[in-house]
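Chains as they are written, first to last, in our numbering: chain A, 1 to 115; chain B, 1001 to 1114.
No wet-lab data here; the hints were simulated from the structure. Backbone N, C-alpha and C define an ideal beta-carbon position, used for all residues, glycine too. Wrong hints could be hidden among the right ones.
To be verified - Partner residues are not named here, just some residues of chain B that face chain A (Cβ under 10 Å, in silico):
no. : residue
1   : F1034
2   : Q1038
3   : G1041
4   : L1044
5   : A1092
6   : S1100
7   : F1104
8   : S1113
9   : P1114
To be verified - Result set (DSSO-like, lysine-lysine): computed pairs, CA atoms no more than 27 Å apart in a straight line:
no. : chain 1 : residue 1 : chain 2 : residue 2
10  : B       : K1061     : A       : K57
11  : B       : K1106     : A       : K11
12  : A       : K70       : A       : K57
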Amino acid sequence: DAGITQSPRHKVTETGTPVTLRCHQTENHRYMYWYRQDPGHGLRLIHYSYGVKDTDKGEVSDGYSVSRSKTEDFLLTLESATSSQTSVYFCAITGAGQGHNYGYTFGSGTRLTVV
Amino acid sequence: AQSVTQPDIHITVSEGASLELRCNYSYGATPYLFWYVQSPGQGLQLLLKYFSGDTLVQGIKGFEAEFKRSQSSFNLRKPSVHWSDAAEYFCAVGAGSGYSTLTFGKGTMLLVSP
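Only chain A is shown next, with the shape it has when bound in the complex (with noise of 0.2 Å):
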């Protein structure tokens, strides 16, 4: 979607580097999520922030650490990558308001593989 954007789209890593990913949008939405997907579980929630420096966790969100400094940019990092982080990342934003949830739209998704 073109006003999401992932970099890099694709990523070999060793294991015990950190490692950011970025997420950047165009939308000046107020929501930004980090999903990881993998084979036989779907989408899981990462972290996810509500605004600017405002950041939560989610149910996997154990090695990784997250920044928004700017509304358009929310930072993924992996302190220590390890070979169970290798997996296909999303960021998603949304503009949901009070009383109002109009789903995500999703990035193209980074491919993030730890040797």
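Dock chain B against chain A, hints included.
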């Protein structure tokens, strides 16, 4: 906690035949329900969503879904499947008020045979 079950991991349908993908949810209040489609190597695209009102909702690409509160279901249907519909389909549930995280099912892979 909210949850979604998609009972079928894979479904094979002949081209031109009708399709129904099942979704059951668990949620303590009125849910917001969504169906997404994912083609290989792509992100997820929103097919349709249910907020309130008419329990039969229409989406893109000729898809529709029916919300049945008594059965906690939100099944996706299409009267005639095309080969281009082959993809993975995800059902999701979330709250309606304020911001909300979506919980996704594990997905159903649709295969279309000639």
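We went through each hint and held it up to the structure:
Annotation: F1034(B) was flagged as interfacial toward chain A, and the flag holds, the nearest CB pair being 5 Å apart, inside 10 Å. Hint on Q1038(B) holds. Least Cβ distance to chain A is approximately 9 Å, under the 10 Å limit. Here the hint on G1041(B) is kept, as its CB sits about 8 Å from the closest CB of chain A, short of 10 Å. This hint holds: L1044(B) has a C-beta 4 Å from the nearest C-beta of chain A, less than the 10 Å allowed.
Interface restraint check: A1092(B) against chain A, minimum CB-CB distance 8 Å, threshold 10 Å, status holds. Contact between S1100(B) and chain A, as hinted, is supported at the beta carbon level, the nearest pair being about 5 Å apart and thus within 10 Å. This hint holds: F1104(B) has a C-beta 4 Å from the nearest C-beta of chain A, less than the 10 Å allowed. Interface restraint check: S1113(B) against chain A, minimum CB-CB distance 22 Å, threshold 10 Å, status violated.
A least Cβ separation of about 26 Å between P1114(B) and chain A goes past the 10 Å threshold, and the interface hint is therefore violated. Simply put, K1061(B) and K57(A) have alpha-carbon atoms about 35 Å apart, too far for the 27 Å limit, and the pair is violated. Our distance criterion of 27 Å between C-alpha atoms is met by K1106(B) and K11(A), whose separation comes to about 25 Å. A threshold of 27 Å between alpha carbons decides the hint, and for K70(A) with K57(A) the separation of about 19 Å falls inside it, so the pair holds.
The structure fails hints 8, 9, 10 (numbered hints given earlier, in ascending order).
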